[in-house]
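**Q** As a plain string of letters, each chain reads:
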Amino acid sequence: MDFQTLILKLSSYWASKGCLLEQPYDQEVGAGTMHPATFLRVLGPEPWRAAYVQPSRRPADGRYGQNPFRLVKHYQYQVVIKPSPDDIQDLYVDSLRALGVDPKEHDLRFEEDNWESPTLGAWGVGWQVLLDGMEITQFTYFQQAGGLDLKPITAEITYGLERLTMFLAKKESVFEIDWAPGVPYGEVRKQEEFEISKYGFELADPQLLWLLFERYEAESARCLAAKVPLAAYDLALKCSHLFNLLDARGAVSATDRVAVIKRVRDLAVKCARGYVASREALGFPLLRKAGEPFQGSDATVEEPLLGSPTPLPEEEPFGQEPGDTRPVA
Amino acid sequence: MSDLLIEILAEEIPAGVLPQARTELLQGLAAALKEQRINGTFFIHSTSRRLVVIARDLPEAQDDMVAETTGPPASAAYDAAGKPTKAAEGFARSQGVAVEDLLVKATTKGDYCTARRLVAGRPTPEVVAEVLPPILTKMSFPRMMRWGDGSFVWVRPVHSLVALFDGAVIDLSLFGVEAGRMTHGHRTLAPGRLIIVGVQDYLQKLRSSFVEPDFAVRRRQLVERAEALAAEVGGHPGHDQALFDTWTHLVECPGLVRGTFDPRFLALPEEILVTTMRHHQKVLPVRDGEGILTPHFLAVADQAGDPKGLIARGNEWVLNARFADARFFFEDDSKTRLEDRVERLAALSFQEKLGDYLKKTTRLERLSEELAELLGLPEEKPEASRAARLLKADLVTGMVGEFPELQGIVGGLYARKEGEAEEVWQAVYDQYRPATAEDEVPRTEAGGIVALADRLDTLAGFFGLGLVPTGSKDPYALRRSALGVVKILLDKGWHLDLASAVGKALAQHDGLPRAAGEVVPELVTFLLDRLRFLLDRRGHRADEIEAVLTTDCRDVVDAAERVAAVSAIRGQADFGPLSTAFKRVQNILAQAGEGTGEPDPEKLTEDAERQLASDYLQARELIDELVTQRSYGEALQVMASLGPSLDRFFTEVLVMAPDPEVRANRFALLRSMRDQFSRVARFSEIQS
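Taken in order, these protein sequences are the chains called X and S.
So in the working numbering, the last one in the first sequence is 329, and the numbering has no gaps at all.
So in the working numbering, the last one in the second sequence is 688, and the numbering has no gaps at all.
FYI, nobody ran anything at the bench for these hints, they're computed from the structure.
Remember, it's a predicted structure, so these values are computed and weren't measured experimentally.
Think of the CB as a built atom: it goes at the ideal place given N, C-alpha and C, for glycine as much as any other residue.
A couple of the hints might just be wrong.
Unchecked claim - Examples of chain S residues lying across from chain X (beta carbon under 7 Å, computed): (1) GLY314; (2) GLU331; (3) VAL342; (4) GLU343; (5) ALA347; (6) PHE575.
Claimed, not checked - DSS-like mimics (lysine-lysine), calculated; alpha carbons at most 30 Å apart, straight line: (7) X:LYS190 with S:LYS473; (8) S:LYS83 with S:LYS105; (9) X:LYS262 with S:LYS473.
Unchecked claim - Label pairs and their computed distance ranges (CB to CB): (10) S:LYS583 with X:ASP256: 49 to 59 Å; (11) X:LEU208 with S:PRO378: 16 to 26 Å; (12) X:TYR199 with S:GLY401: 44 to 54 Å.
Input sequences plus hints: build the corresponding full structure.
**A** As structure tokens, this is what we get:
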């Protein structure tokens with residue numbers, strides 16, 4: 001299995017389960033959770049189902065392309081469904097079947113692993129999913145985001161795409177997996193890993209980064225005051241990434257850390273509140289019943305607007321490799 | 001007799017909370033039913049997804065019960081002719097009994113009208129439906145969650161509830177789920193529905209659906225399988241009870257696979273291999289007959305078998321990848337000596353105002369030498385200060401970045417590899433010992449010295465900044481540091497003057513806002529609090545500990561010896577009166593106020609006080625000598641021998657004599673005795 005086929009299969013599968021296929025956010029983020037399609041959509045009463053790939057940057061994990069498992073930039077596949085359906089674990093297990101993994105032949109376990117993001121004022125409860133001892137997925141029920149208690153609850157499924165591909169292809173190095181048939185991941189990304197590691201650890205100018213941090217922070221605050229929380233959130237994400245860069249550069253002392261994290265969290269909390277307020281002002285539009293015109297904020301959900309299944313593409317059934325004649329599970 | 005089956009099927013419950021959850025559910029339900037006069041035999045079962053209670057020998061219903069209710073006083077219930085009044089009639093009506101069936105009972109408050117009626121026992125299922133929900137919803141989990149529309153809170157989402165009494169569904173609902181007779185088999189091996197008709201049927205159907213509900217059975221199967229798989233490669237799995245428990249909680253179907261890793265990784269230090277296996281991957285290393293690691297390991301699987309070897313292969317791949325990662329760090333780290341890493345510690349902040357780790361290192365080098373001197377171990381200075389120099393250098397290695405739990409150990413391993421003396425590398429290796437009150441302390445004397453220096457430096461710095469733990473808040477784990485100091489001193493038997501040591505530690509810091517005069521006593525008290533905790537764990541009684549710790553304590557080993565002497569003597573017959581007498585001494589002196597001056601034997605007027613003074617003045621020199629030799633047991637014996645004369649003194653002598661000189665002299669005698677005795681313990685603290 002190559003990298004892009006994995007992505008295609010996950011997208012087809014989750015689209016067939018009624019997920020809207022979002023696209024990667026066009027900014028540096030540390031994780032798929034920071035994409036507004038997760039962080040903001042988990043807030044408030046509106047239902048939501050989305051799936052997308054998110055390139056995620058963690059400057060401190062840089063290894064100049066020399067370590068077979070560590071990357072500054074890796075790709076996550078993110079699925080969010082609100083409210084979390086009763087059969088969410090079964091849906092997840094089916095997604096593995098769609099990737100050609102027969103759970104009857106493997107050891108599949110859900111081990112406790114809770115998640116917390118101090119910079120987002122967010123936490124959740126869940127598991128890491130282990131397939132034959134390999135952590136392939138983070139599974140989280142979001143409990144709080146931007147300091148706000150959540151209700152309904154969103155289930156978040158995050159697949160580590162490189163790891164999953166490495167595991168399925170049994171490759172010893174991330175750079176050896178195929179991105180596309182015959183095109184190694186290393187050919188696509190190795191030089192980039194070297195250069196962004198070098199930037200993060202050696203070249204980044206802490207003074208400039210601090211300056212940018214402060215400017216973006218002020219700009220985000222200005223947007224919040226002007227009641228455009230989505231724009232403010234973009235700027236808060238800039239601050240978050242700058243903090244990660246500064247941290248990797250060793251320019252943040254242990255005590256500064258706490259204070260800087262709090263500054264980013266304060267922005268995230270205000271963006272979250274602003275977002276809920278603006279959705280409320282719009283009457284929480286996604287609460288309207290499927291197929292019905294907009295009715296206002298007291299409309300209730302019977303069938304969410306999002307969530308009508310997309311038919312599976314004919315040419316490539318799930319759970320089957322070419323030449324495999326087993327029925328689809 | 002009847003039986004009961006309760007099964008809660010949930011999404012995977014964390015292994016760490018299952019032991020407590022099992023106890024709470026089992027004891028909670030048994031106790032709640034017992035309170036309702038329903039007794040039986042209760043069993044608890046659990047898997048990663050289920051909590052199950054099975055009860056046998058239950059009655060079908062509560063026993064009928066005679067209930068008595070007290071009504072109005074007899075005088076109000078019956079008139080002079082003994083006819084029931086309106087009050088009696090009303091009471092009888094309210095109790096549902098005929099007025100002629102009311103009884104009169106004598107109570108301490110007089111005669112009262114009483115209704116006695118037979119209360120029919122309620123059916124057991126009805127009682128279960130009433131007591132079970134609060135037990136489940138109130139179970140205490142460290143982290144609770146909501147799911148779906150957010151209406152319910154529990155440890156993980158609940159999917160179904162089986163509640164059967166003699167095979168009949170009990171009418172109850174919980175977490176939005178109606179109780180019924182439907183459950184599911186193993187998530188991947190037999191995910192279909194199971195319709196349950198009774199207890200035996202339940203156990204049978206689960207077992208044929210790849211779920212073994214009995215923890216003990218799963219655990220035994222895992223242990224047996226581990227032994228067999230290890231034996232096949234000539235090894236044994238060891239006795240890692242905690243890992244077997246965790247494994248058993250993680251699965252429904254207890255499977256185990258054996259894997260093999262690349263033997264070349266055996267060149268890595270064992271600590272790194274074992275930590276990777278045991279803590280990161282939860283797999284068990286296989287050791288040979290000599291206890292040496294083999295390239296084999298055992299991994300748990302929630303699976304009946306692994307015919308294609310996919311599970312073993314997956315685990316091998318993961319472990320090899322993790323070892324490769326560790327080897328990468330190990331080799332990369334080997335390019336730079338620890339000595340050359342020390343300067344890099346300047347980039348690592350210890351605490352904003354206390355400087356970086358390079359500054360800390362410099363302080364530790366000096367403090368280790370000072371402590372060696374104070375401890376009377378000047379010959380340890382070279383090793384201790386060398387170990388202090390290298391102590392924190394592993395914080396800037398890749399390996400500690402990857403394995404933070406191996407801090408110190410990695411430094412020790414690297415120091416050994418670089419040819420440092422045994423005392424030095426072991427001191428670095430052992431620096432975080434003891435991690436708990438039960439843990440071992442550093443092996444060597446140099447190790448003990450640097451471990452003390454590290455902790456005293458941290459404590460002095462934080463206390464000097466005023467960052468003192470309050471209540472449950474101790475973000476810098478200062479209590480643990482202090483516990484380490486006390487435990488090292490006790491286990492090594494080192495007599496260290498706490499105030500001097502703390503003073504030396506404070507002196508290494510620059511520009512602390514608080515004055516030493518303020519910090520030293522506060523920190524000494526903080527350390528003695530940890531001593532109190534440790535002595536309590538050793539089984540000493542609180543009053544014995546207080547009797548010593550309320551005296552002047554400067555040295556924890558000395559204080560512990562005194563507490564041990566008090567513990568040993570307190571049971572003796574002549575000791576009880578002495579402690580009672582000393583409470584009187586304490587009270588009298590508290591009224592008298594503090595004073596000075598030796599008792600003057602010439603001014604003693606009564607026989608009893610002359611005898612006390614003479615006995616005491618004779619004993620005083622002996623006590624001096626014994627206390628100086630730290631023969632506290634014997635010193636206490638001598639003190640106890642003064643009990644009878646002290647008793648006679650209190651019986652025959654009025655301390656508060658009208659003559660101020662006589663009175664002052666008596667105070668002086670008692671004060672002298674108290675002060676002398678308090679060199680061991682304050683007897684007035686001992687409860688008789």
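**Q** For each hint, tell me whether it holds in the structure or not.
**A** Right, here's what the structure says about each hint:
1. GLY314: With Cβ-Cβ at 2 Å, under 7 Å, it holds.
2. GLU331: violated, 11 Å
3. VAL342: Constraint on VAL342 of chain S not satisfied, violated at 16 Å.
4. GLU343: violated, 14 Å
5. ALA347: With Cβ-Cβ at 5 Å, under 7 Å, it holds.
6. PHE575: violated, 53 Å
7. X:LYS190 with S:LYS473: violated, 46 Å
8. S:LYS83 with S:LYS105: holds, 16 Å
9. X:LYS262 with S:LYS473: holds, 20 Å
10. S:LYS583 with X:ASP256: 49 to 59 Å: Since LYS583 of chain S and ASP256 of chain X have Cβ atoms about 56 Å apart, the given range 49 to 59 Å holds.
11. X:LEU208 with S:PRO378: 16 to 26 Å: Hint violated: Cβ distance 53 Å, outside 16 to 26 Å.
12. X:TYR199 with S:GLY401: 44 to 54 Å: violated, 20 Å
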